[in-house]
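A.B. asks: Sequence:
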Amino acid sequence: MTGTATNDSSQTETDATTGTGADGGTGADGGTGADAGARPSSLQQLYEDPQTPVASGPDRSRRQAAILARALGSTPGTILDIGCGDGTAAATASRTLHRHRIVGVDWSQDALRRASDHLTAVRGELSEPGLPFRTGSADAVLFSEVIEHLVDPDAALDELHRVLRPGGHLLLSTPNLAAWYNRALLLFGTQPVFSEVSLRGIHGRPGSQVVGHLRLFTARALRSMLPAAGFEVVRITGAPYHDVPRPFRPLDRAACHAPSLASILLVHARAVSRPGPAEGAL
Numbered sequence: 001m002t003g004t005a006t007n008d009s010s011q012t013e014t015d016a017t018t019g020t021g022a023d024g025g026t027g028a029d030g031g032t033g034a035d036a037g038a039r040p041s042s043l044q045q046l047y048e049d050p051q052t053p054v055a056s057g058p059d060r061s062r063r064q065a066a067i068l069a070r071a072l073g074s075t076p077g078t079i080l081d082i083g084c085g086d087g088t089a090a091a092t093a094s095r096t097l098h099r100h101r102i103v104g105v106d107w108s109q110d111a112l113r114r115a116s117d118h119l120t121a122v123r124g125e126l127s128e129p130g131l132p133f134r135t136g137s138a139d140a141v142l143f144s145e146v147i148e149h150l151v152d153p154d155a156a157l158d159e160l161h162r163v164l165r166p167g168g169h170l171l172l173s174t175p176n177l178a179a180w181y182n183r184a185l186l187l188f189g190t191q192p193v194f195s196e197v198s199l200r201g202i203h204g205r206p207g208s209q210v211v212g213h214l215r216l217f218t219a220r221a222l223r224s225m226l227p228a229a230g231f232e233v234v235r236i237t238g239a240p241y242h243d244v245p246r247p248f249r250p251l252d253r254a255a256c257h258a259p260s261l262a263s264i265l266l267v268h269a270r271a272v273s274r275p276g277p278a279e280g281a282l
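So for the sequence shown, the working numbering puts the first residue at 1; every next one is plus one.
What the hints contain is simulated information worked out from the structure, not anything from laboratory work.
Each hint should be verified, as a subset may be incorrect.
[Said to hold, decoys possible] Beta-carbon label-pair distances, calculated as ranges:
| hint | residue 1 | residue 2 | range |
| --- | --- | --- | --- |
| 1 | Pro-250 | Arg-113 | 31 to 41 Å |
| 2 | Pro-250 | Arg-274 | 41 to 51 Å |
| 3 | Pro-76 | Thr-135 | 14 to 24 Å |
Ideal placement from N, C-alpha and C gives every residue a C-beta, glycine not left out.
Turn these sequences into a full structure, and let the hints guide you.
C.D. replies: Pasting the structure below:
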């Protein structure tokens, strides 16, 4: 989603905030955002490629919007869609969140051009100089399919914590490293779905689509990491993955009842005070 406004691709690769706001697909089928003909040499080139997916499925957007609508209530608020991609997810969510103002933020100029058809969208980054919003100015942040693209997720969470008001809501979604099928794949020595070892192609796992995943998370990891960044985890739920082959989709939907097995992790958290340096000390 984020990055710098520089054309220096080497900085983009080492920056703390490379990524895009969506996973149009990282799994079993579909086209490729970075095929052998494109061969991007940097994450910047990958995310500026119009073929790289910048939209997650509408089902996931509706699930997040429903969670956020219940959390915010009827009082109008400001929601930042960090990593808004092409804006279609925000457009879907706005039908449920119509009382609230949604502002999209992305790093990719190509994504921002497309997002401007759906919402107010601005270029921003999670590293220095930070997001173009005042401290405590947001009531909620949508952070959908972004954290897995980041070099430095800790710095990103710090910046999200800064722009959220005390008690503000974070809705984070990310692929689950421990999804039910990934557990089976690892047993047979196969690279897990969602994981990537190259920008030029998919190696060692099902699928053909490169989207730039750098990190993968489990529910247990998020339950530990978010409180360390000043967030209280309210609830983790599961969501299905649209690229699961059709015969297995009922099983994928059933796995959502056990978030630790689900394809996608949906996390609702609230911004609270950060743990002090002495907390937890013996």
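A.B. asks: Please go over all the hints and tell whether each is borne out by the structure.
C.D. replies: The hints, checked one at a time:
no.	hint	in the structure
1	Pro-250 to Arg-113: 31 to 41 Å	holds, 38 Å
2	Pro-250 to Arg-274: 41 to 51 Å	holds, 42 Å
3	Pro-76 to Thr-135: 14 to 24 Å	holds, 20 Å
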